[in-house]
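Chemist: The residues making up each chain are set out below.
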Amino acid sequence: MQPIASGRETSSIPPQPSGGAPVARPRRIRQLYTGWAPYAFLSPYLALTAVFFVYPFLNAISLAFYQTNGPRTRVFVGLQNFQFLLTDEVFHTALWNTTVFACASVFLQLPLSMGLALLLNRGNDRIKGFFRLILFSPNLVGQIFVGILFGVLFTPRYGLINRVFHALFQWGLEERWLDNPNLVMPAIVLTSLWIWVGFNMVYFLAALQTVDKNLEEAARIDGANAWQVFWHVTLPSMRHVVVFVVIMSVIGSYQLFELPLALFHENGGFGPDNSALTVIGYLNFVAFNSGDLGLGSAVGWVVACIIFTISLIQIRIARVAKE
Amino acid sequence: MIEKFPYGKAPFWLFVIAITSTLVLLAVRRERPPRPDLVMVCFSGAHKAAYEHALPRFEQSRGAKVQVQLANWLSLRTRLQNAMLAGTEVPDLVEMFAGSLGFFTRGPREDIGFLDLTERIRAERLEERMVESRFSLWTARGRIYGIPHDVHPMMLVYRRDLVEKLGIDIDQLKTWDDFVQVGQRVTKDLDGDGIIDRYMLNLPQNGNWALESLLLQRGGQLFDEHGRVAFNSDETVEVFRWYLRQTLGPQPIAHDCGWRQPLMKAVSDGLALFFWAPDWRTYEFQDGLPLLRGKLALMPLPAWHPGGRRTSVWGGTGLLISKATQRPDLAWDLAKFLYFDREQMGRLFADTNIIPPVKAAWNLPELNRPNPFYSNQPLGRLYADLAAETPPVYSAALDAVAHTKFDAAFSRAIEYYKDHGEQGLDQKIRSELSYAEAYLRRMEARAHNLLAKE
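Protein chains in written order, with this note's numbering: chain A, 1 to 323; chain B, 1 to 454.
Note that these hints are calculated values from the structure, not bench results. Keep in mind that the hints are not guaranteed to be accurate.
If you want the footprint, here are the derived chain A segments under chain B, 3+ residues with CB under 8 Å [said to hold, decoys possible]:
no.	segment
1	47 to 58
2	103 to 117
3	174 to 188
4	210 to 223
5	263 to 271
Even for Gly, the Cβ is constructed at its ideal location relative to N, Cα and C.
Input sequences plus hints: build the corresponding full structure.
Modeler: Okay, here's the thing in structure tokens:
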């Protein structure tokens, strides 16, 4: 294994003497120069990170123990914010909705993405490129746009989706996807599929192209069918990408916010009987609509802990599967 | 030179780009124009256009410069609140949407970023000169923070051509019972495919704004005048029950026609015959359905009981003055100029169909002119005749939460009604309202932590 070259070795400056011998003045200046220069280059990034990440991160820790009215007035309430969350039915509903959505993402969206990637992987490069663009493009327009668009598509009687269901199954012309609490989550999942299936497919397609064709060929010669080749050769070969996509999907799902907000903008993204409310939607509501930044911080910490735990479990499962 | 740079070519060019862009930015930097004497922000393009038309007269008479800015109402509300609490620059005057005041007055009184206008309003007897009930929207803890821009009385717009063809006598639709009776007769599947093609009324199935409007008409409220939760009442149970019957009952008369294009198509197709119409919505129909010119007309809402209230309200805007303004008296004069100037009010009505809350303006020729789109009815006059009857709408700090809980209670009532019909419905509604009320009381108790600082 080759050692990684340091910045000094890759630069055009010759190696410096390690000490003892008198050093010429220009060389010392250069040494000093090379000493602070990396920090000067890094300083804009470090300053921005300190202001917009480190400080808010640390502030959010203390804020979670306060009740606030916006940024001005605050009262120390100890663990009351966390206590409130433990007993708040609306937060539990939001957490449940988000978890259902995350499960749909992993068990519905990702298999679909994988299926499409496998299909496209067989086509020639021109077809592959065309469909990759077509399937990826919904991701370019943003969730708010998609939310508004699907809000129209889900319109009872006149909406395209209801018309298609009615034409195919003689059902659904008057179905109120966005008013019926039982249909709200399917509507959100359906909309999110349109956005994200193509996006994840691109990852899988890229990973499929790195799979060793000789291994697949050898498995086929040994009598493995298509499913066995996929399960025992292809999938393990792209394990790292699959783990990455699953973790990113779960994190993305727990951060779902804009899509329900756009679909249910009339009632602030809550949906009927809170059926569209997500944890980030709840956070937004308590922090910026109710003005309680303290409770919002507490929600943020709870969500961060959940995501961290789930990611750890996923990584552990992936490691066990490898072993 | 590039070769001598210690970290190679790429960092060198990054360094050059950073230096060059900084120099370019400095070179093209323009002096920020001086702040006008007053900055006003509104969320309606029509309002902005009308104000900009009128402002030169004010500027000339007062020797002051005024700038009007347009902003999305939701982001305006959040950003304004944060700017006020953080002490950064804010506009002098702001037009806010109904229901927003609680958002700004939920904390200690010192945190309220708007001027208390109570004394000024009382000194100039504005409550008498305007529709008094509209001040309730802009009152918190007994103090008035805004001047109402409108009244928004509610009427029904109907397809006059179809209604006449069906032999419906509008004058006989005096109560909701009369209305339902006729509705059950005309709501029909016209082509026999099992799907109803003509409904009597447009009602959103999830309740939403229509439910609250009906509750207000019935005499109920979400909050009382002290900002306390008040929706757990007999009136609410009655309104919920009525609403469920009309939208989901065995003989429904109402259909949810949606918003914007689907709504316009529903009006155009005659999917429903009667549509809710506060004054501002009449302009949407007028603007969106030019082919229906002369085929629509207006009638007052049927009353809940004979001789009862024939209108309700939906929406509202008000003008508030920022506490941080350097020129409170000039801002107050501008507010009065924009909201009380006769020419200005006439023009705003002509552009928006919105009647002003100033009683003296109701005799303006613009308001009394026949409107050919609405079968030559004098639109302004019809709404003005109902304006005094409009119910008050009280604001509260928990306004947003209360609406979500009220909607959730109705959603659960819908699910119950679908499964059980009317059996045990009243008890179910009552229990859901009690649950929502208990939740809001808990939130109120939490808010006391902050208010105790006062």
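Chemist: For each hint, tell me whether it holds in the structure or not.
Modeler: Consistency of the hints with the structure:
no.: 1; hint: 47 to 58; result: violated (count 0)
no.: 2; hint: 103 to 117; result: violated (count 0)
no.: 3; hint: 174 to 188; result: holds (count 4)
no.: 4; hint: 210 to 223; result: violated (count 0)
no.: 5; hint: 263 to 271; result: holds (count 4)
Of the numbered hints listed earlier, those contradicted by the structure are 1, 2, 4.
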